[in-house]
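Using the hints, position chain B against chain A.
Okay, here's what each chain looks like letter by letter:
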Amino acid sequence: MDPETTRPSLLSRVRDPGDHAAWAEFEARYRDLIFRYCRRVGLAAADAEDVRQMVMLRLVRILPKFRYDPTRGRFHDYLYRVVRSAIADFRSCPDSRTNPVVNEEPLEAPVAAMDGPYDPSWEQEWLDHHLRLALAAVRQTSEVRSVAVFERLLAGTSVEQAATEFGMTLDAVHKVKQRLRDRVQQRIAEQIREEDTIDG
Amino acid sequence: MPPSPTTPGPPNAALPRDPTGSHLSDADWLAWARRAESPVALGRLGSYELLSEIGHGAQGTVYKARQPGTKREVVIKRLAAGSFATASMRARFEREIEALGVLRHPNIVTAHAAELVDGQPILVLEWVDGQPMDRWAAAGPEGRRDVREILATFALACDAVAHAHQHAVIHRDLKPSNIFVDAVDQPHVLDFGLATWTRDAARTTLAAPSEAHGFLGTPAYASPEQIGGGHAELDTRTDIFSLGVILYELLTGEWPFAAPDRHAPGPLLADVFDAVRRVEPRRPSSLRPELGTELDAILLKAIAKVPGERYQSADALAGDLRRFLAGEPVLAHPLTTGYELRKLVRRHRVAFGGGALLAGLVLAFAIVATVFTLRLSQRQRELLAAQQSERAQRVAAEMNAYTAALAGAEAALQAGNVNAGRLSLDQAPERLRNWEWYHYWGALDRSLSQFKLPSTAFGLAISADGRHLAAACRDGQVRVWDTNSWTTVASLPARTGEGVQVAFSPRADLLAYGVAEHGVRVWDLHSMSELASASGHAAPVTGVVFSPDGSRLATASADRTIRIWRVPPDVACTMMAPANDPSPPASLELERTLSGPEGAVTTVAFGPDGSRLASAAGDRTVILWDANTGQIVGTLRGHSSTVTAVQFSPNGEQLVSAAYDGLVKVWQVEDGRELLSVHGHDALVSAVAYSPDGTRIASAAWDKTIRVWDTHSGDPVARWLGHTDNVTAVIFSRDGRQLFTAAADETVRVWPTEDVSVLTARNSSARANGFAGPPDLSWLAVAYGSGEGAFGRIVLWDPRAGRAVATLHENTHVHARGQRLELGAIAASPDGRWLAAESGAGTILCWSTARWNDRVGGNTPALEWDAIAEAAVLRTPDAAEGVNAALYATCMSFVPDGVRLVSGHHDGALRVWSVDEATLLRSVEFGQGPIVAVLCVPPTRQILVATRDGGIVVLDAETPSVVRTLDPPTATPRALACSSDGQRLAIGLNDAGIELWDTAGWTRAATLRSHSAAVRCLAFSPDGSRLVSGSDDRTLKLWDVPTGREVATFHGHGYLISGVTFTADGARIISSSGDGTVRLWDSTEVHGSKWSQP
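Line by line, the protein sequences are chains A and B. Per my numbering: the first sequence ends with 320, consecutive numbering throughout. Per my numbering: the second sequence ends with 2306, consecutive numbering throughout.
Just chain A, same shape as in the assembly (with noise of 0.2 Å):
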């Protein structure tokens, strides 16, 4: 059996505010999606990593309390809501940096009510951010020669320079690819299906 389909999901994890790895491994986790959204809305380095923060905060708060229902949207449906807030009010008031509000909105209220059209970057940097996550595991649990050939690749080497590179035929180049990108896939639907489970 893998330890892995017993082990309590994150999301389930981060409900304990004692829980320091957990909350831990969800900074890890989401830090960098958060960043970038701000980067992207047009927020500067330093003021994307106050709201970072400021998010973070929010969420130590409310996530002990959240309950999930899947009727009312996913997680990152309901992180776009705190991010979004956050950023409203670090907008409204540049200086909430040093005195922030905390947002006292449910977490649990109905997405659709959300004030303002939905910014569809934030899906594409949620997307993005799945990849990333599934790069890094997959690089990690992956023969060496073989991440080396997938890096290459990502890069931009042609499959042909790639096997010149490696002494490798065109086809074990190939090969390789798929199986990482087979790999990273299916990882990014694992990573999605967890995303959203609270045991309990």
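Treat the hints with caution; some may be incorrect.
Stated by the list, open to error - Listed below are several chain B residues computed to face chain A (Cβ distance under 7 Å; list not exhaustive): (1) P1231; (2) T1232; (3) S1234; (4) A1245; (5) E1249; (6) P1251; (7) L1254; (8) G1255; (9) L1257; (10) L1262; (11) T1273.
Claimed, not checked - The calculated label-pair distances, taken between Cβ atoms and stated as ranges, are: (12) A:D302 - B:D1638: 30 to 40 Å; (13) B:G1688 - A:A268: 48 to 58 Å; (14) B:D1761 - A:G138: 51 to 61 Å; (15) A:A268 - B:A1751: 51 to 61 Å; (16) B:G1352 - A:Q260: 19 to 29 Å; (17) B:T1805 - A:K185: 33 to 43 Å.
Just so you know, the hints here were simulated from the structure itself, not pulled from any lab data. For glycine and all other residues, C-beta sits at the position ideal for the given N, C-alpha and C.
Leaving out everything else, chain B in the frame of chain A:
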């Protein structure tokens, strides 16, 4: 192309068609991956171009950046903004800035600058292109560098740590990732004072485990005493332990205490702690035999569990490493015959090469044995000397640590940084803590009392009768206390978050405060019930205030409006309401809505007659309204940032405002003219208040200080330190004698209104030239020189109340050249019964002080007291009428019997007087220029006299004949002081030096040098352990008498120091200065408790 959502607009449980991108071609999929992983452009941070993020933690982020102009690569540490960074994080950030500011060493990362960018502190550091030391050490054949290479580089790191220790900086977090080695194998020690900033995500958490339960550091490298949590007992040897663990790992690849996986979090941390404390380390040679017994000895000594058994300094560790590399015996290894011989043979290997004849071998051995014996004795002597030197170094290092800690505390005190000051004081070795340590401890918190709250209070209010104090807190509670007993009267649910405000009605029992529904609630403390409420704002209520007659309530809101509500008469007169009134809460009727501000309204205030209203807003303005018509009558512009506070003066003629720009401004209400703009705070001002009498303004700021200002002049009256985080609220007590403040450190504190530790003459241009008082300091007489438009005078003070009681004498004497002689020479008898002072005419005035306690503490107005009429005049029989400049007394001192006075004069004569008979007893001519100092020494019954031209003589107090003439000091003497046991004499010199003499043999024991200008006054502490000196360089210095070491420097005076003394109980130092002030420096643990009014 990368996958995209199927539907625009808010998603609802629908995912993109294929989030994995399986529908994409290979080329498109790879392009998507490339784009997703491309580094995000970071842009700029101030003028710096951010290149990449290299680390992050709960405290903030670390970037690699490029510096403008020089284009060099640097590291930027940026502290997390605002309340994301706790007080301890900010303190550690500040600590690193301070530590790196004093450390200059080629192997310590250089701090280029500490700046503020968008209000956030950043630290700009040297970029080291290298790798952590463990990674560097593992790079080599078979995964490990050559041992000698590691030792040589590590010794340089020890040198760096030793440099830090010499500046009293203990790193407390030494580990391989905090020692980077560059391309030329030079180590660079980094990260002083902060928790881990590494790029290793396993150690980066929102709540780092290493901070649990107060532990600071990295468990695997922390010393047993550091793990024990006794930070007060930590000294530099804790870093020695860490260095030892690091070196052990570098050489063996193993952790010395063999616990289970030490990098695993959670309960295994306890195993690590336990192992460090209890497990004996394995001998390194048991893991790598080639290391040998000498390295065993070095490493085991470095990681000894008892600090006293380790190397006592990083220098000592580096020294042994270098001895090992040089083939010399190491101090850590036991000195045995075989050990010495082996070292000798190894160093002179050629002489003992194989193939020598037997005879030659015997001869060679005989020579070696002889040489060896001599060398052994010499080596033993060297070893003993090294051990003694090590002990002396330890003692000196301890004193260095103490003085550096005090210097840090002084710097922090001047900067108003309570946290940094406390951290510095914690570093001081406990056994050395003396007067100065307690002085700084008290000076860092001048509050009279404090109360801990469950959360930060943002609004404070005091009831009209002064009986109740209310605080609106971030956690959504409004707490009310009885100010007599300080018991909690009520805890009322309000609105959560920042900016919650509270107000009392003029009717004492009504309390209004903002609530969660963007409304306001009125609560009756008498019946403990809600009487009324109102809602309607579109954003949180940020300010609430009753009109002076209680008939209206004004609320300010982040929705940019002010609303005025009518308070129903039956609510306003609620004092008549019975308790447990079942009537439902009334809804307040909206009288009008005021719209005008272009930013969130932060607060609102009524004028004293209720006809005016003032609002402060985020658009940087203060708007004056007609409260009856709602019309705008004026807009006050002058602040450059959000205005946070506004209040009318008690007479309604003026208005005070404060803002994020750090300024406090006073305005004329009638015409909107700006009257004053005071800048004293170093951060945004969050609150401001008028005293009930309108003479004082108090301001509270995010620089953690409270300041009190004179309303008319804008001069600072007091500066209070004590809060350890942003101060959020300040109000005066109803009687105006106390201040209440709240801060983000979750305390409410009580302060005095006036700073009675500084006595400031009314004519601030007058110099305070000297002072005298009785042992119990029930009064203090100060001699002031002439100032602009004022004569010199002698003023009697009540130092407990900080008020001048009366003018004892005014120098109206003008001598032949139209000038006045400066007043200055003044003395009190040891029992305080007599006060004597130069009159300015060449005569001495003498008062009996028998009834002065009544004068000082009683109600006799100063004008009714003709003090000069009570003074006896001491004059020489042949003195001419008028001013006799030659007879001017330059100094005076009472003989221990208390009825005889010895005075030194400008004509070079010493005169002895009977004060109770007002007669001259005798006169001694020295003929060596004016007498500059005179001192009566109680135990020895001798008088010391210093003349400008002739040095110092010792006289018998009875005769008074010259008993001895001291060797001339190296410069003109200016001051004399003697310890209470008469065994030590201190002489202050014109060249800034201080000579210390041993009076038993009248030998010069030491010369103390640190002042930069003439030393004008001196005093020993009653126990003789401390000497205080005052100088023309405007500083007081405190010296440890046994060692002659300077231990502290006090800043604060603005001009030369004219006089200094310890009080009889040794608890205080009093100093007078040419800046016109007399200061009382306290060493009691709770400053001010004996001085302020209850």
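A quick look at each hint next to the structure:
no., hint, in the structure
1, P1231, "6 Å, holds"
2, T1232, "4 Å, holds"
3, S1234, "5 Å, holds"
4, A1245, "6 Å, holds"
5, E1249, "6 Å, holds"
6, P1251, "10 Å, violated"
7, L1254, "4 Å, holds"
8, G1255, "5 Å, holds"
9, L1257, "5 Å, holds"
10, L1262, "6 Å, holds"
11, T1273, "5 Å, holds"
12, A:D302 - B:D1638: 30 to 40 Å, "58 Å, violated"
13, B:G1688 - A:A268: 48 to 58 Å, "57 Å, holds"
14, B:D1761 - A:G138: 51 to 61 Å, "53 Å, holds"
15, A:A268 - B:A1751: 51 to 61 Å, "57 Å, holds"
16, B:G1352 - A:Q260: 19 to 29 Å, "26 Å, holds"
17, B:T1805 - A:K185: 33 to 43 Å, "36 Å, holds"
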